[in-house]
Amino acid sequence: MKEKLKVSRRGFLKTAGAATVIGTTGLLGITKPASANVGELATLIDLAKCDGCPDREVPACVSACKKIKEGKIPEVADPIPPPFPSHVKIEDWSKKKGVSNRLTPYNLIYVQKAEVDVDGQKKNVFIPRRCMHCDNPACVTICPFGSNLKHENGIVVNDQNLCFGGAKCKSVCPWQIPQRQSGVGVYLDIAPGLLGNGVMYKCDLCADLIEQGKTPACIEACPRGAMSIGPREEIFAKAEELAKNIGGYIYGKNENGGASTLYVSAVPFDLLDRAVEKGPGKPGLKPVKRAMAKTDNAAKAVLAAPALGIAVGVASAFSFISKRKDENKKEK
Amino acid sequence: MVKHIHEDKNLMLRHEAIELAEHWIVAASGLLLILTGLFQLPFAARFNVIKIPGFAWSANYVTSLYVHYIAAAVFTFAASFHLIHHALLGEKGMLPKKGDMKESIAVIKSFFGKGEEPPMDKYLPEQRIAYVGMAAIMAVLIISGLVKTYKNLFAPDLAAWAILWATWLHNISFILFILAFIAHVGAILLKPNLPMARGIFTGYVRLDYARHRHPIWYARVRNTVEPSRSGETIVNCEENKRPVKSRKHRKKI
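Residue numbers (my numbering), protein chains in the order written: chain A, 1 to 332; chain B, 333 to 585.
Because the hints were derived from the structure by calculation, they are not lab data.
No residue lacks a Cβ here, since even glycine has one placed at the ideal position from N, Cα and C.
Hints may be right or wrong, so weigh each one.
[Stated by the list, open to error] Calculated Cβ distances over 12 Å to all of chain A for the following chain B residues: (1) Glu339; (2) Trp356; (3) Leu363; (4) Ala468; (5) Ile469; (6) Phe509; (7) Leu521.
[As the list claims (entries may be wrong)] List of simulated lysine-lysine pairs, DSBU-like, C-alpha gap at most 30 Å: (8) B:Lys383 <-> A:Lys294; (9) A:Lys330 <-> B:Lys335; (10) A:Lys325 <-> B:Lys383; (11) A:Lys282 <-> B:Lys383; (12) B:Lys454 <-> B:Lys434; (13) A:Lys332 <-> B:Lys341; (14) A:Lys294 <-> A:Lys325; (15) B:Lys434 <-> A:Lys325.
[Unchecked claim] Sample of chain A residues at the chain B side, in silico, Cβ under 10 Å: (16) Ala77; (17) Ile80; (18) Asp159; (19) Ala299; (20) Leu308.
Work out the full structure, taking the sequences as your base and the hints as a guide.
Okay, here's the thing in structure tokens:
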């Protein structure tokens, strides 16, 4: 016991010492991360720079993402319990981990190709697609288990330990980004046939790397520097400037009420939307309004209800009391 | 003044209009909250609720959240109103009293033919205990729901611990609310309690029922609210828990 205490005390001192060193150097700016983990972050994807990595089988951002996320999804149950009722489908990507031309639980970013006609000239535009990390994400609003969370720095994450894989987040996402892997997650320990169907997976912008002051794997890997991350205000200003310089367009600033991922393109996004292949795991680029905005007034009414109830309750009680007094006087 | 005892019609006023309104507003909005709460789980499409005529909207999470919010606003308003209105009027009839637990056990035993029911006040002892239980569940539901609503509207990046606490308290109290609702309806359907069901629909219960089962309440109303309406005077003896008719009345009989 004494020995244990000794070790743990030593361990504590080591940790405390390391924390002090990191803290001090942090304050001095020595270990200031490239991604500047201060305040809200945003990312910029410059479509003029992205060429889809023609020299590689899989674009660099996609393979970097695959590599860093390898092993993050636990071993899938074999067999995967069949969900009830039978019309509920199992989604198993564990045997198709190599798929890289769409979003899957094992492929959280992919590069879309858009062949467009600009001023009579054919042009290829490559668009890396992943979670947009919305400002007020519907997936966070709607998750009944609190597994979707938005961090203070703007990153939207899904905690795979809390997710039941009901795919509500996918239903309310304008781009249907989250992808389900059945046969994993907490639902297996509760009522696998009846409740839940796996875990939803999406890009978390390498939140753990950002915590350590590092840059997300896809951004780090991009050979053309098409993607960048930084403080939100700086990135937004940079996007505006870039769009202004090329006479281009921004996607993500107002989409779904605003997002912290901005695309800048010289080609209008409605043209790109028409040109990209869309379908399951392959989102479009249409302008989208925030669907949850329809519920905002009702939500405000909920927040006002307690004060309103108390006010009317007080008024009504005093009216009763005064009525009672009048009746007593009359009776006397 | 509202007449409480109607000898001619064999009726006694149990709930005034405002109480009926509170009860039914909470019940209706509560039911809608249960329903839309279930629809907030991936439930409606999976279990074919959407195929029920008129329920096509149930799998649309934005629509069901909208309806949930509307019901929550009404529910929260009614609960806050109820709390403050009756607190200011000093109405404590539904709050548990000393010995309620013991008496509740006696009442439940009597349902199975063991022993006799103690004489009761306006509310049964188990009703008073259940009231506090339901109020606690509703308080947790409302407070956690308010935190979630605030997060959805203004602070999507609210601290994770706050979101998780609010979410799971809301989920647990949601299950407790459903169980309490079933218990509430189940209790009223028990044969000895059935005469009370009329009260929550019309406001009135049978006078003979009130005299027999709620003698403490009957005596109090007769002696304090409407002493002049009858020659009868009831001695409300809390100690021996038996309404004793006065000598004057006995003479009359």
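These are the hints, each one checked on the structure:
1. Glu339: holds, 21 Å
2. Trp356: Check passes; 16 Å lies beyond 12 Å.
3. Leu363: Leucine 363 of chain B clear of chain A: closest Cβ-Cβ about 17 Å, beyond 12 Å.
4. Ala468: Check passes; 16 Å lies beyond 12 Å.
5. Ile469: At about 17 Å from chain A, isoleucine 469 of chain B clears the 12 Å cut-off, so the statement holds.
6. Phe509: Given a closest Cβ separation of 15 Å, the condition holds.
7. Leu521: It holds; leucine 521 of chain B is separated from chain A by about 29 Å at its closest Cβ, greater than 12 Å.
8. B:Lys383 <-> A:Lys294: holds, 24 Å
9. A:Lys330 <-> B:Lys335: Judged against 30 Å, a Cα distance of about 16 Å means the pair holds.
10. A:Lys325 <-> B:Lys383: Violated, because 57 Å separates the two Cα atoms, which is more than 30 Å.
11. A:Lys282 <-> B:Lys383: Holds. Lysine 282 of chain A to lysine 383 of chain B sits at ~29 Å (cutoff 30 Å).
12. B:Lys454 <-> B:Lys434: Distance of about 17 Å is within 30 Å: holds.
13. A:Lys332 <-> B:Lys341: Given that 30 Å is the threshold and the Cα spacing comes to 29 Å, the pair holds.
14. A:Lys294 <-> A:Lys325: violated, 47 Å
15. B:Lys434 <-> A:Lys325: With Cα atoms ~38 Å apart, lysine 434 of chain B and lysine 325 of chain A exceed 30 Å; violated.
16. Ala77: Where the cut-off is 10 Å and the nearest Cβ of chain B is about 19 Å from alanine 77 of chain A, the hint is violated.
17. Ile80: violated, 16 Å
18. Asp159: Cβ of aspartate 159 of chain A sits 9 Å from chain B, so the hint holds.
19. Ala299: Hint on alanine 299 of chain A: holds, closest Cβ of chain B at ~5 Å, below 10 Å.
20. Leu308: Cβ of leucine 308 of chain A sits 6 Å from chain B, so the hint holds.
In this structure, the earlier hints numbered 10, 14, 15, 16, 17 are contradicted, and the remaining ones agree with it.
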